[in-house]
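Colleague: Residue numbers (the working numbering), protein chains in the order written: chain A, 5 to 119; chain B, 86 to 200.
Rather than coming from a laboratory, the hints here were simulated on the basis of the structure.
Treat each hint with caution, since some may be false.
No farther apart than 30 Å at their CA atoms in a straight line, the calculated lysine-lysine pairs in the BS3-like style are these [unchecked claim]:
(1) Lys126/B / Lys149/B
(2) Lys140/B / Lys105/B
(3) Lys99/B / Lys149/B
(4) Lys106/A / Lys140/B
(5) Lys126/B / Lys106/A
(6) Lys126/B / Lys99/B
(7) Lys46/A / Lys105/B
(8) Lys46/A / Lys140/B
(9) Lys72/A / Lys186/B
(10) Lys72/A / Lys140/B
(11) Lys46/A / Lys126/B
(12) Lys149/B / Lys46/A
(13) Lys149/B / Lys72/A
(14) Lys186/B / Lys140/B
(15) Lys126/B / Lys105/B
(16) Lys151/B / Lys106/A
(17) Lys149/B / Lys105/B
(18) Lys105/B / Lys151/B
(19) Lys72/A / Lys99/B
(20) Lys106/A / Lys72/A
(21) Lys186/B / Lys99/B
(22) Lys151/B / Lys140/B
(23) Lys140/B / Lys99/B
(24) Lys106/A / Lys46/A
(25) Lys106/A / Lys149/B
(26) Lys126/B / Lys151/B
(27) Lys186/B / Lys106/A
(28) Lys105/B / Lys72/A
(29) Lys72/A / Lys151/B
(30) Lys99/B / Lys151/B
It should be emphasised that the depicted structure is a prediction, and the values quoted were computed from it without experimental measurement.
For reference, the chains in residue letters:
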Amino acid sequence: KQEVTQIPAALSVPEGENLVLNCSFTDSAIYNLQWFRQDPGKGLTSLLLIQSSQREQTSGRLNASLDKSSGRSTLYIAASQPGDSATYLCAGGYAGGTSYGKLTFGQGTILTVHP
Amino acid sequence: GAVVSQHPSWVICKSGTSVKIECRSLDFQATTMFWYRQFPKQSLMLMATSNEGSKATYEQGVEKDKFLINHASLTLSTLTVTSAHPEDSSFYICSARDHGKNIQYFGAGTRLSVL
Chain A
5 KQEVTQIPAA
15 LSVPEGENLV
25 LNCSFTDSAI
35 YNLQWFRQDP
45 GKGLTSLLLI
55 QSSQREQTSG
65 RLNASLDKSS
75 GRSTLYIAAS
85 QPGDSATYLC
95 AGGYAGGTSY
105 GKLTFGQGTI
115 LTVHP
Chain B
86 GAVVSQHPSW
96 VICKSGTSVK
106 IECRSLDFQA
116 TTMFWYRQFP
126 KQSLMLMATS
136 NEGSKATYEQ
146 GVEKDKFLIN
156 HASLTLSTLT
166 VTSAHPEDSS
176 FYICSARDHG
186 KNIQYFGAGT
196 RLSVL
């Protein structure tokens, strides 16, 4: 069974701090790993997508890494801002058989950046 | 980027009525769409995979007669919650898979409240 776990469940940091969110997955047969942001009561905003052949992706202050061998991905946020406050979800994309195209989501990390 | 439109964004209905939610891919063809459900403060759980021109594939524990899915065209999938009850109240999110890019794009979600 494919499982995705995120730690910590919640994180509160002062503005300006650099932070790391962690994601681990049990099935290394992922074909990609995505990080999403979700604001309260809203849908998902895709932040970064890492293909299985890649090690990391960067977008602005965000950097995501992928290590398939250890079953881990991290999302690094530099110089955090109050506007970064949201729930961050990681999801593993799987291929093969009945899992083809499915995303398995972690439970999310609730991030609060206070001024 | 690609856009997925989900409608309505919010619906309130009486217990026993049926509610239809639409998911449209606006600028690409999606032979596969996915329907997720999210309870408060929880992650997304895949309900079913919607395949254009064929029957949907439901995840274990999801009642196919309760949650009717129709994917009649390459840009539209609908989820109908039949005979809704208060326990069906939740946030429903769809996604559409762009096969060319092997990426899922998400709708903004529909908040269903059953009285």
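Colleague: Against each hint, give a clear statement of whether it holds in the structure.
Modeller: Evaluated hints:
no.: 1; hint: Lys126/B / Lys149/B; in the structure: holds, 25 Å
no.: 2; hint: Lys140/B / Lys105/B; in the structure: holds, 17 Å
no.: 3; hint: Lys99/B / Lys149/B; in the structure: holds, 21 Å
no.: 4; hint: Lys106/A / Lys140/B; in the structure: holds, 16 Å
no.: 5; hint: Lys126/B / Lys106/A; in the structure: holds, 22 Å
no.: 6; hint: Lys126/B / Lys99/B; in the structure: holds, 24 Å
no.: 7; hint: Lys46/A / Lys105/B; in the structure: holds, 19 Å
no.: 8; hint: Lys46/A / Lys140/B; in the structure: holds, 29 Å
no.: 9; hint: Lys72/A / Lys186/B; in the structure: holds, 21 Å
no.: 10; hint: Lys72/A / Lys140/B; in the structure: violated, 33 Å
no.: 11; hint: Lys46/A / Lys126/B; in the structure: holds, 12 Å
no.: 12; hint: Lys149/B / Lys46/A; in the structure: holds, 26 Å
no.: 13; hint: Lys149/B / Lys72/A; in the structure: violated, 35 Å
no.: 14; hint: Lys186/B / Lys140/B; in the structure: holds, 24 Å
no.: 15; hint: Lys126/B / Lys105/B; in the structure: holds, 24 Å
no.: 16; hint: Lys151/B / Lys106/A; in the structure: holds, 22 Å
no.: 17; hint: Lys149/B / Lys105/B; in the structure: holds, 14 Å
no.: 18; hint: Lys105/B / Lys151/B; in the structure: holds, 12 Å
no.: 19; hint: Lys72/A / Lys99/B; in the structure: violated, 47 Å
no.: 20; hint: Lys106/A / Lys72/A; in the structure: holds, 18 Å
no.: 21; hint: Lys186/B / Lys99/B; in the structure: violated, 41 Å
no.: 22; hint: Lys151/B / Lys140/B; in the structure: holds, 15 Å
no.: 23; hint: Lys140/B / Lys99/B; in the structure: holds, 28 Å
no.: 24; hint: Lys106/A / Lys46/A; in the structure: holds, 21 Å
no.: 25; hint: Lys106/A / Lys149/B; in the structure: holds, 18 Å
no.: 26; hint: Lys126/B / Lys151/B; in the structure: holds, 24 Å
no.: 27; hint: Lys186/B / Lys106/A; in the structure: holds, 15 Å
no.: 28; hint: Lys105/B / Lys72/A; in the structure: violated, 39 Å
no.: 29; hint: Lys72/A / Lys151/B; in the structure: violated, 38 Å
no.: 30; hint: Lys99/B / Lys151/B; in the structure: holds, 16 Å
Comparing the model with each earlier hint shows violations of hints 10, 13, 19, 21, 28 and 29; every other hint is respected.
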